[in-house]
Each structure stands twice: as structure tokens, then as C-alpha cells.
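Student: Please build the complete structure, drawing on both the sequences and the hints.
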Amino acid sequence: MQDPYNPAWCPGCGNFQIREALLMAMEKKGLRPNQIAIVSGIGQGAKMPHYISCNTFNGLHGRSLPVATALKAVNHKLVVIAEAGDGDIYGEGGNHLIHAMRRNPDISLFVHNNQIYGLTKGQASPTSVRDLKTKTQPFGLLSEPLNPLLLGVAMNASFVGRGFSGDVERLSELMVQAMDHKGFALLDILQPCVTFNRVNTFAWYKKRVYYLEDHDPFDRRSAFERAMEWGERIPLGVIYKAKRPTFEEGIPFLLKGPLVEQGFDLERVKEALLGKKEGPGG
Amino acid sequence: MDLSFRIAGEAGQGIQTIGELLVKTFSKMGLFVFSHQDYMSRIRGGNNFYQIRISERPIHSSQRSIDLLLALNMESIPLHRAHVKPKGMVLWDSSRSEEGQGEGSLGIPILRMARELGGEILGNIVATGALLGMLGFELEPFLEVVKGSFSEKGKEIAEKNERAAYAGYEYARRECLTCSFEVCSPKGEEKRLLGGNEAIGMGAVLSGVRFYSAYPMTPSTGILNYLASKAEEFGIIVEQAEDEIAAINMVIGASYGGVRAMTGSSGGGFALMVEGLSLSAATETPIVIAEVQRPGPATGLPTRTEQADLLFVLFAAHGEFPRVLFAPGSPEQALYLTNKAFHMSERYQVPAFILSDQYLADSLWTWPGIDEGKILYRDYRIREADGTYKRHRFTQDGVSPLAIPGIVEGLVVTDSDEHDEEGHITESAEIRKRMVEKRLMKLLHMREEMEGPTYLGHRSPKIVLVGWGSTLGVLMDTVETVNKKIPCGMLHFSEIWPFPVSKAQKAFEVLKGAIGIGVENNATGQFAWLLRAEAQIELPWKISKYDGRPFYSDELSEEVLAYARSI
Ligand SMILES: Cc1ncc(C[n+]2csc(CCOP(=O)(O)OP(=O)(O)O)c2C)c(N)n1
Ligand SMILES: [Mg+2]
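Line order of the protein sequences matches chains A and B.
Under this note's numbering, the first residue of the first sequence is numbered 141, with each subsequent residue one higher.
Under this note's numbering, the first residue of the second sequence is numbered 786, with each subsequent residue one higher.
Take the hints with a grain of salt, since some may be wrong.
Claimed, not checked - Each pair of labels, with its calculated beta carbon distance range:
#1 B:PRO894 x A:ASN235: 31 to 41 Å
#2 A:GLU407 x B:LYS940: 32 to 42 Å
#3 A:LEU395 x B:ASN1010: 18 to 28 Å
Unchecked claim - If the Cβ cut is set under 7 Å, some of the chain A residues that face chain B in the computed set are:
#4 ASN146
#5 CYS150
#6 ASN195
#7 PHE197
#8 ASN198
#9 LEU211
#10 MET295
#11 PHE336
#12 ARG408
Unchecked claim - According to the in silico footprint, chain A covers these stretches of chain B (three or more CB under 8 Å from chain A):
#13 982-991
#14 1018-1026
#15 1053-1064
#16 1159-1168
#17 1213-1225
Calculated from the structure, these hints are not laboratory results.
Don't be surprised by glycine CBs; every beta carbon is placed ideally from N, CA and C.
Tutor: Below, the structure written as C-alpha cells:
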């Protein structure tokens, strides 16, 4: 592990709290470091696994989900978490997100959503507000922001939630719920970027966020309503849940145990593939 | 005996069905068979053909000139008739036209007979029976194939098909007064057939592949289909990805997770995988990629053949790192080289390629069956490692122990960013330099494992044909023909990268005094370029084909002889 006290994050960055929440969640779940694998993309948020003691695959920008999906499929005993930024997963890796929702692998996705490209220094992200002026958006951002939660509900994703880095305790609770969930769990985490996002600051979020109460996440209609809520009030918590079979459950031979533990018997395969010993051509 | 047939017609008319029935029948007779397919990128209409060559001796390529054309529609006759040999025949469906087709043809009312026998669907069987009748083969082996193919569909259907085969056969025997083919059926042991895509799939299964992910793309889809058909039996996760980027990243994730994993595509799909390729290199995660070429650029000719991705695959991706590249020349080589690709990929923790093409993918060869002794298998992954484990530890040969996350006690950490021995992100100049050297160091041993070219032909040749990949069979048959007139030989490379420099130089030494001709199914002579760059060997002449069609050995022989006469 890299020096956890000297991560490559700016002082005051929401990533510090997300890290704390994640450590807390791992402790709550009683997981040993080698039982967890974090797969991440590229961005400031995606550096997370370097500051946590766990198996780590820090892959390409936008591509954490295909890696995480396959990793879980070949070893379903591992707890697999994907960590991504908003640019990472809603922009570059958007297609994989949609298809991960369809496939429903039993993994959790924690999105460090600071509504900006941090690492590349302040360009608009898919969740940035419309008209945002940056060095690369000379006329202001000309696109509407993507609503990840609404997308999740529309896709019938099996778990859709939102947390806030400013509340470590409840964020860690949400992370535990996402990890406990059997299936793909999208947890969008609002996080201020102290250097590049002057609009969605800590105070901006703090003033708006509230926790959902008396909300039935299995009620899709009301989930749509909650997911659409953004502005003066921003709901936090589990917005939507659907009972769906996981990707791994659909693969019959995984019932025998993790694929990686199933071994390979060359002699048996030869016999089954090439037929009984009949000499060449048999 | 050396006979070639072409079954031509529209897409959707059953050309492939007839072709497959015939190759099975000839194999049953104990004959050597070679077949290839030429088809358009459409589901219906157009003009496609399936070409079959048979002999009692081994054969390895298709011929441009054919002995018999089976035309399933009228349009096929003018399109292909020029390729029918002077003594050859055209078999056509006289229920489609009143007009006679003149000398050297036999019209059989295929569709009408089929309808009378129980439905148009029987037309393929009538036609196949007629073809065998014209040639003068016995019908029995075909009846057995028909029985085998339709037994599952019930007795009634099987019998209907047998009757259709008999009817077509008898009609041709009776009516074809000018048919004078000399055929023999050796009554030898039944022969086995192997196709290019199937061979890659089999090689993968025998190497212990447990995860295959791909996005459909002709002509590589056959591998995906083959492995999907074996998924349940051999415990292989086969996943159709949302795109090729996902496919290669999944494969890397599966391999990181501890199982052997592979993906496949054609040039355009592989282009999308290129960043993933460098991810496999940076994280030293073994993966195997089958690139089944078709002509580019862009969508090119989706269902046709070319060898134009060699340098692309060799140099694809940013950064400097080792890779393995095999270009099999036959289905048999495809099987063993896929196995070797898995072996080397895991041993050196590098990406490994099988570079095939549509011609090889859709060809069937007679093969002697597997030589089990040639299958390499050793599990290089470690299942025990304590907390001191470092995924990218510096070692003498650059290869670090490859542990499985979650199975070992220690943590398996890796990064697409430059990383330290543990796998954590670093920007240290010193570590960076050592990591580059660590990765490149593997080339030394990798190169030693590569086989040099195969030489076949005259002992002191005047002309040597130099090729690589899928042209192996064409070169073999061409050399045999040309050798009857002038001393000729061939050098064929199927193990391309790391380039076996000294083995190549040695092979060329023997050919002092001969003229080398590069034969490539591309326009620019990519392999000749590589040979010059790596081994400082110049080929003074080249024969290129880049119309999207494969070489035919009779055509190539003529071209070589014409060149020989001109010097
Ligand atoms: C293929 C590719 N394109 C672009 C980049 C450059 N890049 C790195 S991170 C990033 C965006 C970062 O934004 P986000 O994902 O929101 O992460 P943050 O830094 O805000 O946490 C970009 C564009 C890259 N690494 N790879
Ligand atoms: Mg961001």
C-alpha cells in the first residue's frame, strides 16, 4: 500500500471522506484485505485502491466495469468493488455502465461524482451543470447533465443509491448496503472538488441534501420521482431496488464453486474433446 | 485424381449445406479434401460459392480451374463458366429455365424433382446426389451421411432425403452421356476434417481456456460460436460483450482473476481493443487474442480475405512492450499455435496473438488427427504466497510470480499507471526505467522459443517463394507444380514475433543463388518489410494479391512460371 497519509489528493478533497467511509464499511463487513478486490479506472477518485489495503486492479480510464464483471465471474467469493469518477464512468465508460446494469453482476460501483474532471484540471464532466464555463467550454457547457440515478431506474438496475462524502457514517452504511446487495449496485457519491468545481461546493451540497425516509425502493414509480429530484433538494439513500438474478447465477457450472478453483484436467478434456483413444484421427 | 467443384448460387440457397454434405461424403470415402468459401456480406441474394477439391493424395489449396460447376441459379452460369475446364461440366437446374446451356452442361430439374419428392427443401439433396452421379462415385457413402444428418429428425424425414439423393443420382447417371470423369475411391480409412476457426477454438479448449469474450465480427465469429457450443461441457464462461473494448477488458479481468482467457475479432474490432492490449502489457496480465483478418481499411470487404493487418497487430498500442504473434498456415497449425500462444502468454505474462484470416477461417483441410504429445500445458500461476508477495517483483528474467487474488494470502496489486514492484502507482524515474527493462528483458527467452521458417521443395532451387500465415497450402501446391519445370522451393513462416532472426537468416543461407519471391495476400508486402527490418534479407520480387480473394495454386503457379521465363 502507498503511504495512506499522503495520497495524491488536494487538501479538503471529498475523496478523503469517501476513503474513510470505505474503510469503515470494510470493517463493518468484517472483511480481510485479501477477500476484497477493488477495480478502478483513471482519475483522482479512481486512485482510491492505492490508499486501501486490498487486491487492486487499477485499469484504464472508463473501463473498470468489464474488468470487475469478469473478475467476479471467475471468482465469485471475492467481494468486488469498482471505484470510478464521474468522467470515468458516465463519460468514457458510459456504454459499460449501461450494460453492467443489464448484466447485473454481483459487484458494487462507487462513483466519486464531483461533477467535474479533476485529474485533467477542470473540464466539464457528464454531470456538470449546463452553461458551466471552463477553459474547454468557451461558450459554457452546451449539454444537459446526465442523471445517473434516473438512468439506473430506467434500466431497472438492481440497486441505485446516492451518498454524500460530507457524511462519512451514513455513507459507509450505504456502502455496506450496496455490498450486501446481490447484484449490481450503483452508488453515486456527491463529492466537492475544492480546486475545480466552484459551483457544487461543500456548502452547496450541504444545503440541499436530505435522507429519504418512508421510501419504498421497490416502488419504481416513486423511485422515478425521487431520481428526478435535483435542485433545491437532493435526496440521499437507496432510491431503487429490483429483485433480479445475478450474472453469475446464470452460469450453471458456477454452482460447483468459483471457476478459478475448479482446476483443469488436461487428460479429461482431451478425452472429451477428441474422443476415446482410437489413435490418430480417432 | 485431382478434381475441383464449385457450388454457386444466391446466399440462402443452401450452398453451405451442399458443400458440407459433400466434404463429409468425400472424407467418408477416405479422400483428401480441401474446401474454401467465397461469400458476400448479405443474408439473401448475391452470388456465393463453396469450392471443394478432392484427391487420393494430400492437397492443401484451391484451384482456380474447376471440373464441375453446380449452378443453383441461372446467374451463376455466366459468372463461373469461364473457370470450368474444357472437359469439365456445368450442372444446372433446368426447372429454372427453358433455355439449354449447350455443350458441357447437364440440366436437371432439381426443384421440380424436389417438389415431387416432398418439398423444395429436398433440392439440395437432389443436387448433391446428381453431382455424385455425374462424377461416377458410388452413392452409398452419401446415403450414410444423409442418414447421419437427418436421423434426429425422424425416420420419415430421413427416408425422404435418402430418396431424393437416389433420384438425383440416378437422373445424372442416366442423362449425362458426356460425363467422363475418372474417379477413384480408395476405400481407405475415413478422413477427418478441420476448419480454421474451429481449430483455434479447439486449441483454446485444450489449453484450458475458461473465459472467452468477444463482439461478433466476421470472419472471427466462428470461434465465438465454437466456444459457446463447448461452454457447458468444459466450464468456459463465454460472454458476448457490448463492444470490443469491453471484451478485451473482461478478458484481462478474468485473467487477473486467475483463469486463462481469450478474445477474438477482426481488424476493425481489434482496433478498438488496442488500449486494452497495452493494459495487458502494463499489468503483465496474460491474454490471447485471435485476429481473423478481412480486407480494410474501415469496414472493407467484410466477408473476404487479406493479410494486411500484420504490421498493425505487431505494432498496435502505445508504449514499448513484448508480445507474441503466430500466423498459422493451416487449421492444424492453428490448433497447435493457439496452444503455444496460451503457453507463452502465461509463461511470460504477455499478450499473444493468433493472426488468421477469412480464407483460413472458412477453409476445411483433411488432417490426420491430433498428436497429443504436441499439446503444451503447464500452470504458471501460483496459489500460495504470503503477505510479502509483490506482483511485479524484479527478477533475473523479468518474469514475476503470478499469484491469484483472493486465493493467496498476499495482496495482488497492479496498475495501468507505471508502478513499483508491489503494483502501486509511482513516478520514480529509477523505478520506471527498471520496469521498462524488466518487461523488455522477457524478449530474450521468448525469441528462443520461436521456430524458424519451414523449407519445402528442391534441394538447390532457382526460385524460392516466401510466405507467411494462411498461404502455406497454396505455396506447397504451387511448389509441387512449378518444380516439374524449374527447381523451386518455399519458405513459410508461421511463428512471427519475436522474430526468429538467426533461424531465419540460417534458413535463407541455404538458398544462396536462388531468387526469393515474396508471396503475400496484401498490396504492400508487409512481411517482406519485416524480413528486411529484422533479418536484413531482401526479396527481389513480389507477388501480391489484394482483391479480397485468396490465391489459387494453379493461378500462382502460372504467375511464378511466367516470372521465371522472363528472367
Ligand atoms: C483514454 C483516456 N482518455 C483520457 C484520459 C485522461 N483523463 C484521465 S482522468 C480524466 C477525467 C477525470 O475525471 P473524473 O473521471 O471525473 O475523475 P476525477 O479526477 O474528477 O476524480 C481524463 C479525461 C485518460 N487517462 N485515458
Ligand atoms: Mg470527477
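Student: Run every hint past the structure and note whether it holds.
Tutor: Taking the hints in turn, this is what the structure says about them:
A beta carbon spacing of about 54 Å between B:PRO894 and A:ASN235 contradicts the range 31 to 41 Å that was offered as a hint. Restraint check, A:GLU407 to B:LYS940: a C-beta distance of roughly 39 Å satisfies the suggested window 32 to 42 Å. At roughly 25 Å, the beta carbons of A:LEU395 and B:ASN1010 sit within the given window of 18 to 28 Å. Restraint check, A:ASN146 versus chain B: the minimum CB separation of about 12 Å is more than 7 Å; hint violated.
For A:CYS150, the interface hint is violated, since its Cβ never comes within 7 Å of a Cβ in chain B; the closest pair sits about 17 Å apart. Given the 7 Å rule on beta carbons, the hint for A:ASN195 holds: about 4 Å separates it from the nearest Cβ of chain B. A cut of 7 Å between beta carbons decides the hint on A:PHE197: the least distance to chain B is about 5 Å, and the hint holds. For A:ASN198, the interface hint holds, since its Cβ comes within 7 Å of a Cβ in chain B; the closest pair sits about 4 Å apart.
A least Cβ separation of about 4 Å between A:LEU211 and chain B falls short of the 7 Å threshold, and the interface hint therefore holds. Because the beta carbon of A:MET295 sits about 13 Å from the nearest beta carbon in chain B, more than 7 Å, this interface hint is broken. The beta carbon of A:PHE336 comes no nearer than 21 Å to any beta carbon in chain B, farther than 7 Å, and the hint placing it at the interface is violated. Because the beta carbon of A:ARG408 sits about 9 Å from the nearest beta carbon in chain B, more than 7 Å, this interface hint is broken.
As drawn, the region 982-991 of chain B meets chain A at 3 residues by the rule of a beta-carbon pair under 8 Å; at three or more, the given contact holds. Counting residues of the region 1018-1026 of chain B whose CB lies closer than 8 Å to any CB of chain A gives 6, so the stated coverage by that chain holds, three being the minimum. A stretch counts as covered by a chain when three or more of its residues have a beta carbon under 8 Å from one of that chain; for the region 1053-1064 of chain B and chain A the count is 3, and the coverage holds. Residues of the region 1159-1168 of chain B with a Cβ under 8 Å from some Cβ of chain A number 3, which satisfies the need for three, so the listed coverage holds.
Restraint check on the region 1213-1225 of chain B versus chain A: 0 residues with Cβ-Cβ distances below 8 Å, three needed, restraint violated.
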